[in-house]
Amino acid sequence: MPRLIFSPASAGLSPCHPCDILNRSDLTTILLTFAAVKAATKKNIRDLSKEEMKSFFVENNEKPFRSGQVWEWLWQKSARSFDEMTNLSKATRELLKEHFALPAASLDTKQVSRDHTIKNAFKLYDGNIVEGVLIPTDSRMTACVSSQVGCSLTCSFCATGRLERLRNLDAGEIFDQVSIIRQQSLEHYDIPLSNIVYMGMGEPLLNYQNVLKSIERITAEDGLNMSPQRITVSTAGIAKMIKQLGDDEVRFNLALSLHAANDEKRSRIMPINETNTLETLTEALKYFYAKTGTRITYEYILFKGFNDEIADARELADYCRHVPCKVNIIEYNPIDDSEFTKAGKEKTEAFKNFLESRHIIVNIRSSRGKDIDAACGQLANKNEHAVVKLKKQII
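Per the working numbering, the very first residue in the sequence shown carries number 1; after that it's consecutive.
None of these hints come from the bench; they were simulated from the model.
Don't take every hint at face value.
As the list claims (entries may be wrong) - In silico lysine-lysine, DSSO-like type, Cα no more than 27 Å apart, as pairs:
| hint | residue 1 | residue 2 |
| --- | --- | --- |
| 1 | K265 | K352 |
| 2 | K54 | K77 |
| 3 | K213 | K50 |
| 4 | K352 | K326 |
| 5 | K347 | K304 |
| 6 | K213 | K54 |
| 7 | K77 | K50 |
| 8 | K342 | K352 |
| 9 | K265 | K304 |
| 10 | K213 | K286 |
| 11 | K326 | K265 |
| 12 | K110 | K123 |
| 13 | K243 | K265 |
Based on the provided sequences and hints, a complete structural model is requested.
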């Protein structure tokens, strides 16, 4: 293994005189940079298969059953450090530390809304921040998790879309968000987590393999053992990857962020539509449904004066004829300097009633956690730590 050499320049700091005293911010940057470089030189233990883990222990003259113990710590007990694996000897834990990294997400800060929604800022091993939310309702406890640091799709109504995409989360980092929120659900409300939505920061289908691996670990019997039917992956519409979901015959639910059922309007608010038109998405959704038999959910945010007229509802109803589906009408949650405002109550009801007159299943989703910027489209809106961190790296 190459010897690690740290210099101030590698952390983005100016070279300093030996007599200079580092402030706390500089020291934190140094430590995070060193930890990230060190972690990058070792294999992530969560990337190992069961067989690879067993082979490691055999090759190092350890009992093969140790692999099962470590596997259980990683995926069932959600350990985020080797020191948590208390039924392993200290020597075995040191052996793991010598050969592997365990880059885990940790809870940095949390905010509790007046409606009991909890927004979490998760710190990653390299110091980046992503957000996830626990959404409690009378019928379910839902975890909303992120799949990327930032986002590349620049949807005009979304706070995360204003941030540059820095990197994909690995499967373990997504898994960590779920396990932490799952624990919060029990600690705060004494109710088990029931649902998971991949609707946080980032576009899940542009982090395809890690998203699917995280779901495999969340739903596996030797993982968190949650039902895939309780998981929904939301996409802005990557037609090629929607077809891939069909080929992989996934068992979780798929939601499409639609928000307009004609190309001109949709392209204005979602630039991804220019390369993934409604016609292209229709073909992909038909393919997905034929392969999986899973009904599609269309997410539709109503914007005042933009897509809230009966003519818009008629276009949406026509689009719903292509595949079995339901529509979630979502209240718009304002972000800083946005050109949009939410549609009025009367417009919302009229829109819903028109769709139902066309025999379409419609739900109106009330926003939760608005007072802490935890509602749909607001993640990273006022998280200064996340935004500052991202802007520094972009510059």
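Going through the hints against the structure:
1. The straight-line distance between the Cα atoms of K265 and K352 is roughly 20 Å, inside the 27 Å bound, and the hint therefore holds.
2. Simply put, K54 and K77 have alpha-carbon atoms about 19 Å apart, close enough for the 27 Å limit, and the pair holds.
3. Between the alpha carbons of K213 and K50 the distance comes to roughly 14 Å, so the proposed pair stays at or under 27 Å and holds.
4. Restraint check for K352 and K326: satisfied, since their Cα atoms lie roughly 12 Å apart, inside the 27 Å limit.
5. This hinted pair checks out: K347 and K304 have alpha carbons roughly 9 Å apart, not beyond 27 Å.
6. For the proposed pair K213 and K54, the alpha carbon gap of about 20 Å is at most 27 Å, so the pair holds.
7. Proximity of K77 to K50 is assessed by CA-CA distance (about 16 Å); at most 27 Å being required, the pair is judged to hold.
8. Between K342 and K352 the CA atoms are separated by roughly 15 Å; this keeps the pair inside 27 Å, and the hint holds.
9. A C-alpha spacing of about 13 Å is found between K265 and K304, which places the hinted pair at or below 27 Å, so the restraint holds.
10. Proposed proximity of K213 and K286 is supported: the alpha carbons are some 24 Å apart, at most 27 Å.
11. A distance of roughly 21 Å separates the Cα atoms of K326 and K265; the hinted pair therefore holds under the 27 Å criterion.
12. For the hint pairing K110 with K123, the CA-to-CA distance comes to about 11 Å; that is within 27 Å, so the pair holds.
13. For the hint pairing K243 with K265, the CA-to-CA distance comes to about 24 Å; that is within 27 Å, so the pair holds.
Taken one by one, the earlier hints all hold for this structure without exception.
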